[in-house]
Amino acid sequence: MLKAINALLAVLGGVGGALALYFLLNKLVEVLPPRWEERLKPYVFVFPAMLFVTLFLVYPAVRTAIFSFFDDRGENFVGLDNYTSLLGESAFLNTLFNNALWLIIVPAGVVIAGLIVAVLADQLRTRGENFVKSMIFLPMAISFVGASTIWRFVYAFAPEGRPQIGLLNAVWTSAGFEPVAWIQVDAARFNSFLLMVIMIWLQTGFAMVLLSAAIKSVPAETLEAARIDGASEMQIFFQVVVPQIWGTVITVFITVLILTMKIFDIIYVMTGGRANTDVIGNRFITELINFGRDGRASAIVVMLMLAVIPVMIYQVRRFRATEGAR
Amino acid sequence: MRPRNRMRVGGLVFVCSLVLSGCLGQESEEGEEQRVEIFGGITGTEEVKLVKAAVKEIADETGIDVRYESSRDFTTVIRSRVRGGDAPDIALYPQPGLLLDMSADMTALDDTDMDLDAVKETLIPGFIDSASRDGKAYGAPIDMAPKSLVWYPKKAFEEKGYEVPETHADLLALSDQIVADGGTPWCVGIESGPDTGWPATDWLEDYVLRTAGPEAYDQWVAGELKFSSPEVKEAAETAGDIMLKDGYVQGGGKAIVNTPFGDSPKQMFEDEPACWLHRQASFITTFFPEDVQENLDEEAGVFVLPGVEGGFDGTPILGSGNYAALFNSENENAVKVMEFLISDKFGGPRYEGGGLQSPHTTFDVNKYPDETTKQIQQLANEADVFRFDGSDLMPAAVGTGSFWTGMVDWIGGGKDLDTVLTEIDESWPS
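Line by line, the protein sequences give chains W and S.
Following this note's numbering, the numbering of the first sequence begins with 1 at its first residue and continues without gaps.
Following this note's numbering, the numbering of the second sequence begins with 1001 at its first residue and continues without gaps.
Keep in mind that the hints were calculated from the coordinates and are not lab data.
Keep in mind that a hint or two might mislead.
Here are some chain S residues pointing at chain W (derived, C-beta under 8 angstroms) [stated by the list, open to error]: (1) 1397; (2) 1408; (3) 1419.
For glycine and all other residues, C-beta sits at the position ideal for the given N, C-alpha and C.
Sequences are here, hints too, so could you generate the full structure?
See the structure below:
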């Protein structure tokens, strides 16, 4: 009870405090001569946000980068040792390879699945469309951990002769095959693909909503013009619709790409990185929490950060370009 | 309301909330001097209940106000608390490796007024050594879970006329007999979420103790004897002769790595036992079906994993336990609580749930809830050597990392034994 009151007060204090701060700063600026007021006002409002970003994002990022050149407990400078030892381990290179697979397959899979659903749902009547879309959007409401727990039951394995509680194995064995420990099958990274299915299942709804809206905003005249010119439906879709929704496709792709770069939960819950399924996010947690090797963990994060930055820059540039075009 | 007034009200609310939350925060800080805070990683409803009973016991015995706080994330939290200068008075460590890691911030038990020799006298030999460095003990065990135990479904076992094996050869003969009778001898499951693999490390440790002996075991745990050495490899092969032999475990290695360790023993107590023998620590009884737990003495039998002919001559017991360490020796009450915690008096209420024993040979066994627990204490007391679970003593990158995954890769059939052992050696931090 005391904790609840404390939390409530903290929230009130936090929100009220922020409000009071802006009010105060605003008042202060208003006291200044109009010319200065005009000049300073934007900065006054941007300043607290910048301060917090610096404090909670830039500062830790810089600290992490520094830590990555130190030993396990962050006490002795070790130069590039953390990086060279990580990149010299076949297990870590495997991890990088897995991440690359995730990055290639998941965003593309999400866009394609979302596009198919959006197009097909568009053919239905309003009611049916709404229903189908709601159903497909539903997984978005589930956390990654929750979804992974559900999918554990889909892929669950029990030896022959024991009751098969796994959905996939129940189907598989009823077709007359022997049960398979799906998550252990790392030939051609099959198990990694099974894990990717979970993420695609989760994110398709997100892609569908954005793409569906984009498809609906394609002007009907362009479609009619194409039809009059004798284009097939396929041609219309790929040569008329797709170019017009390309901006949205890229947005969805990049959003999912960034999400995929940080993927951790699914691997942690499903395999813990075993059976050749490890990814950078999970590896980082293992190094930091389980092994207490702060230096190596930091090095992993710095590498991840470096990989994300180009994508971010591209995204910001594109955002600016579209904003500018408006 | 005019803007200015609104601002004032806003400011007032802000200041008031700060002051109030400050006051409320302070409330729990009162009476710091006489109170003793114990911090540990024992969580979960059942365990917290038991710990609460233990805390009450301490309070009753010593007359000191004791608080127990726990965190699921003990390993991480204790590090940051100690580094941040907010160490508890006493901390309960699930394993001595982490404890020794932080010994610089603790008070060695030898440097306090308590009678440590009396404690050592009654402890099972070898137990406190795991938490000692340079001849000083930084922690002492408060409970014990022996791991070298083999469980069996007593009723069905006796009906079939099977006999408890005395030697490794007997054990294999019994397994073969069960196969000949159309059964599956062993229940093995090593799945445990993110910690998958740990039960298999216990298997290997048990057999290193049995084939190569305690001295080799100590060298192995300290990193002086390699995983790929003939000694350790022989132990792994001995364990593999059971776990991976065709017909000994239903579904073979693939099933072992996919079966949750807590579900595996349940198969012993089905109407027709799906398997007959299960090697696991004393705490596994809490995973048995409820009706079995209620009649534990009639339903479940237990014996010590037999030694291997030509190996170590004697009975080794592998086990684990929680260790208490003292951070704040300036708090006299904390020293008193500590003294009680690590004595053979402590633990009555805590052991009522079963599955745990006192690390003291002199503990009053009549306080245990059932005959099975008494029998296990007997087995532990009779052991020639006690060794702490090695994976907990190895560097974390091995003990909670490559050792686990290596065993999973080997048992699951992903890699052969030589590759796995070499890879674990390579992962040992230099």
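We went through each hint and held it up to the structure:
1. Given the 8 angstroms rule on beta carbons, the hint for residue 1397 of chain S holds: about 4 angstroms separates it from the nearest Cβ of chain W.
2. Annotation: residue 1408 of chain S was flagged as interfacial toward chain W, and the flag holds, the nearest CB pair being 6 angstroms apart, inside 8 angstroms.
3. Among the interface hints, the one on residue 1419 of chain S is violated; its C-beta lies about 11 angstroms from the nearest C-beta in chain W, farther than the 8 angstroms criterion.
The structure fails hint 3 only (numbered hints given earlier).
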